[in-house]
Structures are given as C-alpha cells and as structure tokens.
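J.: Given next are the chains, with one letter for each unit.
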Amino acid sequence: DGSLKFLVGYKERSMAAASRDRRRRGRAPGAASAAAAVEDDGEEHHLNPFLSDAAPTSSRVQFRNVASRARWVEEAGAAEVLDSKGKLWLTTGVTRGGKLYYNVEEIGFLAERGALIFLDDEGGTIGMEEIYGKIAGGKYGCSWDAFQAYKHLKLLGYIIGRYAVPWTMKNNPTCETTDSLERMPDTDQSFNRADGVHNGITKLLKEMHIDGLHPSFEVYLPNSKFRKSSPGAPCFLLSMLRDKPPSRDELETIESKCDGIPLKFCQVDNGRVSFLSFDKVRLPSLP
Amino acid sequence: AESSLLLPRAGGRRNARGENNAGAWTPRAPPPTRPVLRSSPIGGSFLALARLRCRCRFLSAPPQLMDMSGPRWKKGKDGKDFAALAAAQPMSSNVTKLQSSLKGSKLVATLCSGGGDAVLGVNPQQAALLNRAAFGRALENAGAEKQWFQLGAEEVFYLHHALECIVVESASKDLMSQGELWDHLCSASESFPEMYKAYSHLRSKNWVVRSGLQYGTDFVAYRHHPALVHSEFAVVVVPEGSGFGGRCSRLKVWSDLLCALRASGSVAKTLLVLTISSNVCELGSPDCLEQLVVHERTVTRWIAQQCREQRCKPCREEAYKEEEDHTGETVVSNYWGVILGLTVLSSLLVYKLRFRR
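Line by line, the protein sequences give chains A and B. Per the numbering used here, the very first residue in the first sequence carries number 13; after that it's consecutive. Per the numbering used here, the very first residue in the second sequence carries number 3; after that it's consecutive.
Just so you know, not all the hints are guaranteed correct.
Said to hold, decoys possible - Each computed BS3-like pair below joins lysine-lysine, with the alpha-carbon atoms no more than 25 Å apart:
| hint | chain 1 | residue 1 | chain 2 | residue 2 |
| --- | --- | --- | --- | --- |
| 1 | A | K151 | B | K175 |
| 2 | A | K111 | A | K240 |
| 3 | B | K108 | B | K175 |
| 4 | A | K146 | B | K148 |
| 5 | B | K148 | A | K151 |
| 6 | A | K146 | B | K175 |
| 7 | B | K254 | A | K256 |
| 8 | A | K237 | A | K163 |
| 9 | A | K276 | A | K292 |
Unchecked claim - Just a sample of chain A residues kept apart from chain B, beta carbon distances all over 10 Å, derived:
| hint | residue |
| --- | --- |
| 10 | G109 |
| 11 | G169 |
| 12 | I273 |
| 13 | F290 |
To be verified - Covered by chain A, according to a simulated footprint, are these stretches of chain B (three or more residues, beta-carbon under 8 Å):
| hint | stretch |
| --- | --- |
| 14 | 110-117 |
| 15 | 134-142 |
If you're looking for bench data, these hints aren't it; they were derived computationally from the structure. C-beta: ideal position from N, C-alpha, C; glycine also.
The task is simple: from the sequences and hints, build the whole structure.
T.: Now the structure itself:
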C-alpha cells in the first residue's frame with residue numbers, strides 16, 4: 013500500500029504540474045506579452061535556494077514503513093532480500109530458487125526512497141555512497157544513465173525488468189536464454205552455485221561489449237495485477253543511447269533483438285531523461 | 003476588382019504605399035486564397051471596413067514587440083520579481099562562497115563509467131552553496147545524512163580545474179589528476195574541449211550555464227539562478243580551426259542555422275553562437291584552453307513589417323512566427339480593427355434586415 017500511495021502522490025503532483033502548464037499556454041495568443049508567449053518549453057521548475065536557509069532536498073516520497081532488508085551478494089551482483097514488506101516486491105526484483113533478489117538499479121531506487129535497508133556480509137549497513145558507487149562503476153549490468161531511466165519510469169508506475177532476465181525461474185527448469193543472475197548448464201537449476209552465477213554476469217557483460225547496442229530494459233504498463241510468473245509480453249523494450257545519435261546500422265542491430273516488441277530509446281542529458289522512437293516506416297506511394 | 007484588395011497576394015496589385023492588403027506588404031508567396039466577397043453589400047462594407055481598419059492601424063496600439071532589452075525575472079509569491087534578490091546576491095559572491103567552503107573539505111566526486119557525469123556527496127551547508135551557485139542537480143534522497151548531486155562533465159571539470167574545490171576519482175576509485183580527468187572527459191565526448199571552453203568562458207563572466215539539449219542547443223545561459231530568472235540565451239558552440247580535426251560542427255547549412263534560430267525563439271531566447279577558434283593542433287591537455295579564443299555573436303531576425311514605427315527593436319522569432327501564421331489572416335491581425343469591424347458589420351446587418359422588411 014505504501015507503493016500505491018506513493019504512486020498516487022506522484023501522479024497527482026505531475027498532473028498538477030501539467031495542468032499548470034496547460035493553463036499558462038492557454039492564454040490569449042494575441043497577447044504577445046512576455047508572460048504568455050514565452051513560457052519555456054519544458055523548463056524545469058527550480059526550487060529557490062535563496063529563500064529558506066535549509067532547503068530540504070530530501071524526497072517527499074518516503075516509505076520507511078515498508079522498508080525491506082536485503083544483503084549484498086557479490087557473486088550474484090545483486091542483493092538477496094531477507095524480509096520484504098509492502099507490495100513493492102510484486103513488481104521489483106527477480107526470484108531464483110525461492111529467493112528474491114534486487115539488482116543495483118532496484119537497490120538504488122528503493123534506497124533513495126528509504127524503502128531498503130541494505131546490508132553487507134557482516135550485517136552492517138551499506139550507505140548511499142556505496143550504492144551510487146556500484147551503479148556509477150557500471151560493473152553490475154546497469155550504467156548511471158540506465159539508472160536514471162529506470163528511476164524515471166519506475167516513479168511513473170511502469171514495471172521494469174532487465175532485458176532477457178526472466179522474473180522467475182520456477183516454471184523454466186531448463187532455460188536457454190542467458191541472464192545476469194544465472195547461467196544454466198543443462199539441467200542444473202541451483203542458483204546457489206557461485207560459479208554459475210558469476211559466469212552469468214560476466215557473460216552478459218561481455219555480450220554487452222561485443223554487440224554495443226542492445227535493449228536494456230523490458231517495460232510493462234502499470235498493472236496492479238502484474239504477476240512475475242506470467243508477465244506477458246512487455247509493452248516495449250528500452251535501449252539506452254549514448255553520446256551520439258544512433259546510426260542506421262546500430263538501429264538495425266538492436267531491432268533484430270526485439271522479436272517484434274516495440275522499441276524505444278532513452279537519451280539522458282545531465283539527469284534529464286527523454287524517450288525517442290526511430291521507427292522504420294514505409295511511406296505509402298500516393299495515387 | 004475592388005475586392006481583390008481583400009486577398010493577400012504577393013506581387014500583384016499594390017496600392018501607392020506598396021500594400022497589397024489592408025496594411026500589410028509581403029514579398030512572400032500567396033497563402034491559400036479565401037472565399038471572396040464580391041460585389042455584395044456586405045462585401046462592399048467589408049471593404050469599407052478594411053479601409054477603415056487600415057487607417058485605424060496607425061491609431062491603435064502597435065503590434066507588440068518582444069522586449070529584448072532585459073532579463074525576464076521570475077516572480078515570487080508576493081508578486082514582485084526577483085531582480086532585487088538577485089542584485090543582493092550576485093552570482094560572483096555565491097561562487098566565491100562555494101569555493102572557499104569546499105576548498106578545505108577535500109570533497110571527492112566519483113565519475114560514472116561510460117560517461118562524463120559524476121556524483122558528489124555533500125553536507126547540507128555545502129548543498130545549499132552548490133544550489134545557490136547553480137552547480138549540479140540534486141538527487142532525491144530520503145533523509146540520508148549526505149545530500150547527493152549529479153554533476154555534468156563541464157561542471158566537474160570547472161569545479162576541479164577552475165575553482166579547485168573538488169577532487170575527482172574514477173569509477174574504480176582511483177584519484178585522477180587534472181590531465182587524466184581531461185583525457186577521460188575528452189574520450190567520453192569528442193566535443194568536450196570546445197564545450198568546456200564555452201562553459202568556462204560564460205561561467206567566468208558569472209553567467210549560469212546549464213545544458214541546452216532540451217532546446218536543441220548546447221547550453222542555455224541565465225543571468226542569475228534559474229529559479230529567479232528565465233534564461234536569455236540559447237548557446238550553440240561552433241569549433242573552428244585545424245585543431246578540432248574533422249568534427250561535424252553545427253550551423254554549416256541553412257536548415258541547421260534557421261532551425262536553431264526558430265527553436266530558440268520559440269522559447270524566447272536569443273541565439274548566441276560561441277565560435278571557439280584554435281590555431282594550435284594540440285587539444286590533449288587542459289593547457290590548450292588558454293590558446294582557445296571565444297568569439298561571441300548573436301543571430302537575430304529582423305522583421306521588416308513590424309519595425310516601421312519609431313521603436314525599431316529587433317524582434318524575437320516569436321513575432322516572426324506570429325507574422326507567418328497570420329499572413330492569411332491579416333484582415334484580423336489587428337485587435338482594434340476586429341472590434342471596430344464587428345461593430346460596424348453588426349450595425350450594417352441590423353440595418354439591412356430592417357431594410358429588407
């Protein structure tokens with residue numbers, strides 16, 4: 013319920029902001045005054061740091077009441093959830109061998125919102141600094157930009173999983189796809205084998221290097237009835253863009269991995285997230 | 003023949019003043035034609051209206067020009083704009099305070115692998131200083147002891163190199179020297195040298211510089227903190243000289259230049275082109291920065307139609323856009339003309355109806 017409350021709160025705020033924008037744009041176009049005609053397109057709303065001495069930047073969105081505890085497992089590159097409260101876990105984390113695991117972007121997202129107590133092997137708390145360090149380091153399958161994209165969509169209520177990582181392995185004893193948490197040698201389904209887990213991550217990371225571009229996330233529409241055991245097809249796949257717009261070649265490479273699922277691209281500029289489509293079309297010949 | 007004056011036309015018939023339509027002279031291609039009210043009494047009166055409006059044009063309020071002479075300050079809750087607040091807290095003092103506060107604390111920013119961004123953790127006092135000096139973007143955090151900021155590549159280097167108030171470590175936690183940081187940022191983005199030169203040029207003049215990507219430009223420049231004022235300039239950086247290699251640079255074709263001009267005008271900013279010229283071939287170290295020269299130019303559009311009155315200020319793209327949209331509707335482009343015209347027309351209609359009976 014904490015998760016639902018927080019989603020509603022966020023929606024309300026963004027809707028309020030959107031209606032404010034609409035009202036401003038709706039002013040008489042004839043009045044070419046500075047106020048109406050020049051409302052900056054998508055300009056951020058900046059907090060005024062000169063007014064109050066201690067401008068709180070901590071989030072209004074907090075849910076300590078439903079904080080889970082998770083322990084970092086280096087071999088898996090993920091955190092094993094020790095106890096989870098609330099309903100966040102229904103749409104976050106993957107299940108392996110009966111246990112729930114959060115990957116780094118999920119850890120970062122939850123920790124920023126006060127919904128995760130993150131522990132190391134000895135049971136000591138791991139702070140934000142190390143969490144950001146793990147994401148910024150890029151060694152656990154998620155870049156800083158990808159984390160921004162994940163956060164942005166997650167805050168809007170979308171359900172996001174890593175590309176080609178099944179939510180749960182219960183129904184698939186032999187899995188042929190590679191994923192970051194497990195590499196299945198034939199019939200072995202044990203998750204606890206550190207080797208298998210570690211190889212899985214390495215293999216995925218290596219693949220990332222070879223191909224260059226590939227989808228990063230599978231995104232599902234907000235859905236209170238979402239079930240990890242049968243998530244259905246994602247609404248779209250999301251691929252992260254880098255410092256230059258993609259070439260036609262790169263576009264075709266990654267499209268070939270999409271299996272017909274719609275593809276969107278995400279460009280992050282100083283933390284500001286934009287989504288683009290580069291759809292192949294065929295303009296009709298006109299009579 | 004008379005009613006042809008109602009149709010805006012390029013070339014074609016013009017009266018003595020060079021106007022082909024009531025008040026407007028345009029050399030552009032004719033817009034889609036409108037149904038002509040020929041030789042009906044209403045049409046005739048419409049013509050009278052047009053002539054009347056033509057005379058009225060110079061009596062009524064002139065078309066509103068964009069005021070380009072000053073910054074657009076935002077307004078506080080009391081309805082007063084922030085100009086006074088900004089004057090009391092000049093950006094130079096905010097930056098100096100930030101610099102002196104951070105210098106002693108040996109803050110370490112962590113670079114993000116694969117890009118030029120960095121993450122920086124600060125205490126609440128330092129966070130307030132960073133915010134006031136308009137560096138970085140605060141990350142949302144649920145009451146952790148530290149406040150976290152995301153810094154862009156130019157900001158990282160400026161805080162490190164120009165203000166000397168942070169140190170930077172790589173994603174793998176190795177402290178980086180200035181040269182190593184320069185190399186890293188240049189490899190993350192090919193255009194970093196010229197972007198940084200432009201950034202530091204504006205910052206050293208105490209302008210606040212932010213990414214302008216959402217507006218299709220490289221930067222936007224604010225006269226003070228973005229919370230207090232709208233940005234005045236949309237900045238495009240153009241490298242020039244052999245030192246920059248064969249980089250694709252902007253504004254080399256008309257479609258690009260006019261696109262940038264249109265985009266910046268539609269958000270009420272002046273297009274500022276910073277040409278960074280280099281006659282040295284070596285961009286491999288921050289020492290090259292001293293050799294780079296920054297040339298400042300603005301690109302603005304002058305609307306011939308709108309500047310015939312006494313005040314002949316250059317107009318923002320906004321005005322040009324309106325002009326274009328209204329080409330086919332010049333009959334109704336004037337507020338007073340419309341009101342007067344409607345009054346005249348309705349009274350004529352009433353008269354006609356009474357006459358018919």
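J.: All the hints need checking, so say for each whether the structure fits it.
T.: Hint by hint, here is what the structure shows:
1. At roughly 13 Å between alpha-carbon atoms, A/K151 and B/K175 fall within 25 Å of each other, so this suggested pair holds.
2. With a CA separation close to 13 Å, the supplied pair A/K111 and A/K240 stays within the 25 Å bound.
3. For the hint pairing B/K108 with B/K175, the CA-to-CA distance comes to about 15 Å; that is within 25 Å, so the pair holds.
4. Restraint check: the Cα-Cα separation between A/K146 and B/K148 comes to about 17 Å, which is no more than 25 Å; the hinted pair holds.
5. At most 25 Å may separate the alpha-carbon atoms for a hinted pair to count; B/K148 and A/K151 meet this at roughly 24 Å.
6. Between the alpha carbons of A/K146 and B/K175 the distance comes to roughly 11 Å, so the proposed pair stays at or under 25 Å and holds.
7. Using a Cα cut-off of 25 Å, the hinted pair B/K254 and A/K256 holds, with the two alpha carbons roughly 18 Å apart.
8. A C-alpha spacing of about 21 Å is found between A/K237 and A/K163, which places the hinted pair at or below 25 Å, so the restraint holds.
9. Distance check on the hinted pair: A/K276 and A/K292 sit about 12 Å apart at the alpha-carbon level, within 25 Å; holds.
10. Every CB of chain B lies more than 10 Å from the CB of A/G109, the least distance being 30 Å, so the non-interface label holds.
11. The beta carbon of A/G169 sits about 16 Å from the closest Cβ of chain B, which is more than 10 Å, so the claim that it is off the interface holds.
12. Its beta-carbon lying about 25 Å from the closest one in chain B, A/I273 satisfies the requirement of being farther than 10 Å from that chain.
13. Residue placement check: A/F290 keeps its beta carbon more than 10 Å from all beta carbons of chain B (closest about 17 Å).
14. With 6 residues having a Cβ less than 8 Å from any Cβ of chain A, the stretch 110-117 of chain B passes the three-residue criterion, so the hint holds.
15. With a cut-off of 8 Å between beta carbons, the stretch 134-142 of chain B has 5 residues touching chain A; three or more are needed, and the interface restraint holds.
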